[in-house]
Amino acid sequence: EPEVTQTPSHQVTQMGQEVILRCVPISNHLYFYWYRQILGQKVEFLVSFYNNEISEKSEIFDDQFSVERPDGSNFTLKIRSTKLEDSAMYFCASATGGASEQYFGPGTRLTVT
Amino acid sequence: AQSVTQLDSQVPVFEEAPVELRCNYSSSVSVYLFWYVQYPNQGLQLLLKYLSGSTLVKGINGFEAEFNKSQTSFHLRKPSVHISDTAEYFCAVSPYYKLSFGAGTTVTVRA
Chain A
1 EPEVTQTPSH QVTQMGQEVI LRCVPISNHL YFYWYRQILG QKVEFLVSFY NNEISEKSEI
61 FDDQFSVERP DGSNFTLKIR STKLEDSAMY FCASATGGAS EQYFGPGTRL TVT
Chain B
1 AQSVTQLDSQ VPVFEEAPVE LRCNYSSSVS VYLFWYVQYP NQGLQLLLKY LSGSTLVKGI
61 NGFEAEFNKS QTSFHLRKPS VHISDTAEYF CAVSPYYKLS FGAGTTVTVR A
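Note that the protein sequences, when read in sequence, are chains A and B.
This note's numbering puts the first residue of the first sequence at 1, with every later residue one more than the last.
This note's numbering puts the first residue of the second sequence at 1, with every later residue one more than the last.
No lab work stands behind these hints: they were computed from the structure.
Please note: incorrect hints may appear among the correct ones.
Calculated cross-link-like contacts (lysine-lysine; reagent style DSBU-like; alpha-carbon spacing at most 35 Å) [unchecked claim]:
1) A:42 with A:57
2) B:58 with A:42
3) A:78 with A:42
4) A:57 with A:83
5) B:58 with A:83
6) A:42 with B:69
7) B:69 with A:83
8) A:57 with B:49
9) A:78 with B:58
Since the model is a prediction, treat every value here as computed from it, not as a measurement.
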């Protein structure tokens with residue numbers, strides 16, 4: 001069964017460093033998403049991406065964040081200058097349509113020290 | 001804007017007993033409703049969804065949920081749980097694109 005994959009599974013970085021989280025969505029999916037879950041809190045929407053552009057973003061998704069689909073298979077989330085409060089589990093998801101079921105990856109745990 | 005309230009943060013239950021997880025939502029527009037499950041150290045997996053039609057929806061692993069528009073609820077039930085149902089369960093709503101999640105309910109099944 002096709003699945004969404006994410007790398008790395010765990011990333012440790014120092015405050016102020018740039019990180020790139022990588023996702024490989026399911027191949028025939030057209031809609032891509034990033035969510036995050038801070039420990040002990042709810043899963044929060046960050047951004048949705050369709051047709052090579054952001055379709056919606058949350059207040060959390062400020063200028064420090066960017067997304068890209070560089071090569072037609074990967075979908076990346078970049079955090080330009082990490083802060084302690086960026087420590088969280090980041091989930092990638094993909095879907096065939098905007099109202100369709102979203103398939104989630106296993107997540108990348110980001111720890112900022 | 002949408003919001004989701006899961007009324008129980010933790011639900012301990014004995015094996016083969018029934019379980020109900022409660023979810024209420026608010027939204028100014030029509031939404032689709034979902035329940036996701038997260039097993040330890042895994043991603044989120046869809047249990048079931050309500051898009052339209054019959055208000056009773058059946059999902060994987062013997063779970064079902066009932067949509068109640070007047071009470072803006074979407075409670076999840078299973079008549080007989082197994083040890084393997086130990087997990088975190090998330091209710092979510094979506095008008096389109098993004099999902100808004102509840103805080104989650106941790107279900108612990110004991111023998």
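Going down the list of hints, with the structure as the test:
Distance hint between residue 42 of chain A and residue 57 of chain A is fulfilled; the C-alpha atoms sit about 17 Å from each other, no more than 35 Å. The suggested pairing of residue 58 of chain B with residue 42 of chain A holds, with an alpha-carbon distance near 25 Å, which does not exceed 35 Å. Taking the CA atoms of residue 78 of chain A and residue 42 of chain A, the gap is near 21 Å; set against the 35 Å cutoff, the hint holds. With a CA separation close to 19 Å, the supplied pair residue 57 of chain A and residue 83 of chain A stays within the 35 Å bound.
Simply put, residue 58 of chain B and residue 83 of chain A have alpha-carbon atoms about 42 Å apart, too far for the 35 Å limit, and the pair is violated. Using a Cα cut-off of 35 Å, the hinted pair residue 42 of chain A and residue 69 of chain B holds, with the two alpha carbons roughly 24 Å apart. Straight-line distance between C-alpha atoms of residue 69 of chain B and residue 83 of chain A comes to about 41 Å, which puts the hinted pair past the 35 Å bound. For the hint pairing residue 57 of chain A with residue 49 of chain B, the CA-to-CA distance comes to about 23 Å; that is within 35 Å, so the pair holds.
Between residue 78 of chain A and residue 58 of chain B the alpha-carbon distance is near 38 Å, which puts this suggested pair outside the 35 Å criterion.
The structure fails hints 5, 7 and 9 (numbered hints given earlier, in ascending order).
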